[in-house]
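> Sequence:
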Amino acid sequence: MNIMDLNNKKYSNLIATLFFGIPLSIVMSTHYYSHPGKLERHLELWKAAYSDIKATATAKFFDDSKGHILNSDIIVNSSELHPVNKKDIKLNLEQKLSLEQEVDNNINKLITNQVEKRGLEKAFSRISQYDDYITNAASKNNLDDNLITALIARESKGLLRNPSHKGANGLMHLMPKTAKHELGLTIDKYIDERLSPDSVFPGVKYLNKFIKEHGNVFAGLASYNGGPTRIRRIVRENGKGWEDIKNKLPHETKQYVVEVLSRYKILKDPKKYNINIDQKPLYSEKINNSGVHIVKSGETFNLIAKKHDVKPSSMKEINPTIIDYSKIYVDQKIRVPRT
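Per the numbering used here, the sequence shown starts with residue 1, numbered consecutively.
In case anyone wonders, no lab produced these hints; they're calculated from the structure.
Just to be clear, a hint being listed does not mean it is correct.
As the list claims (entries may be wrong) - Pairwise CB distance ranges, derived in the manner of DEER restraints:
#1 114 <-> 280: 20 to 30 angstroms
#2 332 <-> 289: 33 to 43 angstroms
#3 284 <-> 121: 14 to 24 angstroms
#4 244 <-> 190: 38 to 48 angstroms
To be verified - Here are the simulated lysine-lysine pairs, DSSO-like style, with alpha carbons at most 27 angstroms apart:
#5 268 <-> 122
#6 307 <-> 333
#7 265 <-> 157
#8 307 <-> 205
As the structure is a computational prediction, the values presented were derived from the model and not from experiment.
Idealized CB from N, CA, C, for every residue including glycine.
Generate the whole structure from the sequences, applying the supplied hints.
This is the structure:
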């Protein structure tokens with residue numbers, strides 16, 4: 001068979017190897033035998049070059065005017081040459097991000113998703129009616145009131161009654177055991193003091209206890225969400241830095257810290273992120289503009305509202321700690337709006 005007539009790729013490769021590959025290998029072997037140091041250097045270079053061709057993961061960030069990282073994108077090249085698990089690469093990248101980068105990435109998600117953005121604006125606006133409760137609690141604990149607002153936005157979205165599946169409730173989403181035994185709040189079959197905006201103060205004090213213990217906000221937030229005992233152990237075994245503990249935290253807790261700090265950063269400059277917050281009338285003004293009714297035998301909540309010529313819904317709003325409005329008791333103090 002004439003070599004020039006060979007069209008089969010397999011035979012062409014064989015011929016190429018015989019005529020070029022073998023002689024080249026002999027020449028290279030002789031050269032590197034005489035210069036062993038070059039072989040090691042060249043092998044390292046070939047290895048690095050092959051790795052670059054095989055798969056490349058590049059983190060691409062978009063900076064704002066202050067150099068903050070707002071977004072990250074993973075680019076994987078030559079996947080057809082050597083398949084790469086993109087999920088693994090993304091996880092790898094996330095492990096290398098600083099806390100500020102993770103916060104900025106989360107902010108980008110919040111403000112570019114219109115549903116998320118609108119939900120954020122509603123939560124911030126709703127919380128604004130409790131501004132004086134928040135400011136008072138924050139100042140007495142030497143904390144930024146925006147941090148407390150951010151935590152409330154993440155926890156309860158500013159709703160007094162918004163129970164979690166684990167039983168947390170109130171603006172600060174306090175657990176029943178914590179609220180009752182550690183913070184001294186009343187929780188019984190009639191009353192749950194977590195449901196009052198007054199619970200913000202003991203909640204902030206509880207948070208500040210962990211911030212002081214660990215010396216930073218992120219570990220304090222992690223303790224508030226993930227439980228102080230667990231976080232104490234993680235910090236003790238790994239260190240206090242974010243890079244030390246973030247991959248040891250439960251996923252929910254790690255995400256919680258990032259989400260609270262994202263909301264905090266937005267609140268520091270809402271106009272920058274095009275977030276509109278509507279200031280609501282202060283809740284405390286409604287409390288100040290009310291009187292007290294002492295429940296008598298035979299009275300119901302609706303009957304009391306009728307006696308004072310007010311809507312039951314108006315009375316419910318200023319009596320948030322009552323668990324069930326159909327179950328009130330004699331001598332209980334009920335707030336009634338002044339007309």
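> Confirm or reject each hint.
Right, here's what the structure says about each hint:
1. At about 22 angstroms, the beta-carbon gap between residue 114 and residue 280 stays in the expected band of 20 to 30 angstroms.
2. Between residue 332 and residue 289 the beta carbons are some 21 angstroms apart, a value that contradicts the proposed interval 33 to 43 angstroms.
3. The beta-carbon spacing between residue 284 and residue 121, approximately 23 angstroms, falls within the hinted interval of 14 to 24 angstroms.
4. At about 46 angstroms, the beta-carbon gap between residue 244 and residue 190 stays in the expected band of 38 to 48 angstroms.
5. Annotation: proposed proximity of residue 268 to residue 122 holds, straight-line Cα distance about 17 angstroms (limit 27 angstroms).
6. Taking the CA atoms of residue 307 and residue 333, the gap is near 15 angstroms; set against the 27 angstroms cutoff, the hint holds.
7. Of the supplied pair hints, the one linking residue 265 and residue 157 holds, its CA atoms being roughly 17 angstroms apart against a limit of 27 angstroms.
8. Among the hinted pairs, residue 307 with residue 205 is inconsistent with the structure: their alpha-carbon atoms are about 40 angstroms apart, more than 27 angstroms.
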